[in-house]
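A.B. asks: Just so you know, the sequences run in chain order A and B.
Note that this note's numbering numbers the first sequence so that position 263 is 1174, with each residue one more than the last.
Note that this note's numbering numbers the second sequence so that position 91 is 93, with each residue one more than the last.
Hints are all accurate, no fakes.
Chain A side only, calculated, beta carbon under 7 Å to chain B, not exhaustive:
no., residue
1, T1011
2, K1015
3, T1025
4, P1028
5, G1038
6, L1041
Result set (PhoX-like, lysine-lysine): computed pairs, CA atoms no more than 25 Å apart in a straight line:
no., chain 1, residue 1, chain 2, residue 2
7, A, K1049, B, K183
8, A, K1045, A, K1016
9, B, K275, A, K1023
10, B, K97, A, K1023
11, A, K951, A, K938
12, A, K960, A, K1016
13, A, K1046, B, K183
14, A, K947, B, K97
15, A, K1072, B, K275
16, A, K960, A, K1115
17, B, K183, A, K1023
18, A, K1023, A, K1140
19, B, K273, A, K1072
20, A, K1016, B, K183
Chain A residues, not near chain B, derived (Cβ > 12 Å throughout):
no., residue
21, D939
22, K947
23, K951
24, N952
25, D959
26, K1045
27, R1048
28, G1062
29, W1064
30, R1070
31, L1114
32, E1125
33, E1156
34, S1161
35, E1162
36, F1164
Everything labelled a hint here was simulated from the structure, so no lab data went into it.
Quick caveat, the model's predicted, so the values are computed rather than measured.
The beta-carbon is built from N, C-alpha and C at its ideal position, and this holds for glycine as well.
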Amino acid sequence: MFNLATDRISTMEKVENNLKSPHLNVKDLNVYIQGKHILKNINLSIPDKSITCIIGPSGCGKTTLLRSFNRLHDDSSDVRLTGNVFIDEEDIYGRGVEVTHIRKKMGLLAQKPTVLPMSIYDNVAYGPRLYGIKKRRKLYEIVKHQLSSVGLWEEVKDRLKTPAVSLSMGQQQRLCLARGLAVEPEIILGDEATSALDPISTLKIEELFLNLKEKYSIVMVTHILRQAKRIADYVAFMYLGELIEFGPASEIFTNPKKKLTQDYISGSFS
Amino acid sequence: MRKLEEKIFKGLMIGSSIIIIATLFYILYVIIRKGLPSLTWDMISKIPSGGFYLGKEGGILNAIVGSLFLILGSVIISIVISLPVVLYINFILRKNSRFSNIVRFSFDILFGIPSIVYGAFGFMLMIYFGLQASLLGGILAVSLLIIPIMVRSIDEVAAFVPRELIEAPQALGATRFETLKVIVRQLTPGITTATLLAIGRGIGDTATVLFTAGYTDSIPTSPGQPAATLPLAIFFQLSSPIEEVQNRAYAAALILTIIILILSFSARYFKRKLSKSKL
Ligand SMILES: Nc1ncnc2c1ncn2[C@@H]1O[C@H](COP(=O)(O)OP(=O)(O)OP(=O)(O)O)[C@@H](O)[C@H]1O
Ligand SMILES: [Mg+2]
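Extracted from the complex, chain A is given alone in its bound form:
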């Protein structure tokens, strides 16, 4: 599939190409929680096969935005939402769109690792089973493959049947990632997915993200600027419910267009 020419495209060009092929498209998104205007007219295009970091001070609406990507607000009666979110061409809030169908396209990595109350094996097999895969052989292949892809297989292959809670925090978070990947999503959403982890586990997750962006579009909320600098291809800066600036990481970090962004990047406020 790949010809040699593509390899020679400089990273900068690659970055611009990705911008032209957005994977997730947010149009005029407004979110109100308990009548309060939390997200204000967000327009954002998340590029394909790259890491986009959403940064901004606490309470600016990062989590709220991320949760609207896979309709996690659906069950909250006090949340009202207007606007559209498109995956490829499909409006996820469109009429007749099944929420399970949307969520299958996205893996979610929560702030605190939340393993399901079952064995390591069953955690990874949970998603595939939901979608009707029953053959033991096939399930085993999936579990093995996904645990390997998060670098956990060697660590747990002898205790697949033990409860997942027995793993360390870092291992649990990688297990959650494998569990998400097992339903073959296109997009990975992470909400401060490393904030409960030690530095080494954090680096492991970041490394995984850098590998995974070959195949997935990754959106990561973080309030650690250094983390965004380490992994982001694109950065979205939010402030008080508004998207202030969005662009390639190199631009945002070295040459932001808005004064507010510059102040935040330089650490004048946080």
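On the provided structure of chain A, position chain B with the ligands as indicated by the hints.
C.D. replies: Chain B with the ligands only, in chain A's frame:
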């Protein structure tokens, strides 16, 4: 001055703990001393013969089996009712919605109602429907008694289920029902503890079964028949003027105590297991 205060308080705490423990052991001592000599194999393997209540031979197998049937039936009914209630007020409605809190408050009141009231209420219903005292009547009355216990204690552990755990299956594309199944799994240790607590409370209660389950010397073969229960077996034998029969009451009490002790210890064991798995 403050030191003295502390000393007095400490003394008070130790004192009351000792009183409680001493009382417990005294009760156990009396039951064992009076009951153990009468606790023969016949007691637990035979039903009462004609002159049993006059000191002749026989046992209380009818009451043991009756109590076990009764508690088994009520526990099944209670779980079937309590679990959906808890799931509904915690995971379908928001945890602190108005309705959830009304439900919780109602169960708190039901929790505090003395068991004789449930017995009387059950009795009234049975008269209304023209039913006689039966195993089924007893099961329903005991269910009324233990449902509040189950709801409240499962509700307590349900409060600890983090939002992320509910969202994890959802994020993978699970439906609401599939998500509830994961939650039930998370709640299993709590449900077990609640069940054991409820059994302990239900199996020893006299007032609920007094009018509703009736009493008989034979082992019930269908839910429509009356059933003997251990608390009533104790009650009837204890009211006898014959000493031998009174001692058998203590033997019956010993059997009931052993059953309850086993259950409390298993409840504690499961509680500890539960708190471990949360870490
Ligand atoms: N369920 C809710 N009820 C009421 N207000 C809410 C709710 N969820 C979020 N908010 C409000 O919406 C705003 C944005 O919250 P959000 O959690 O999205 O911020 P955030 O950027 O993720 O912050 P942090 O960095 O602290 O995680 C906050 O002002 C918060 O108080
Ligand atoms: Mg947040």
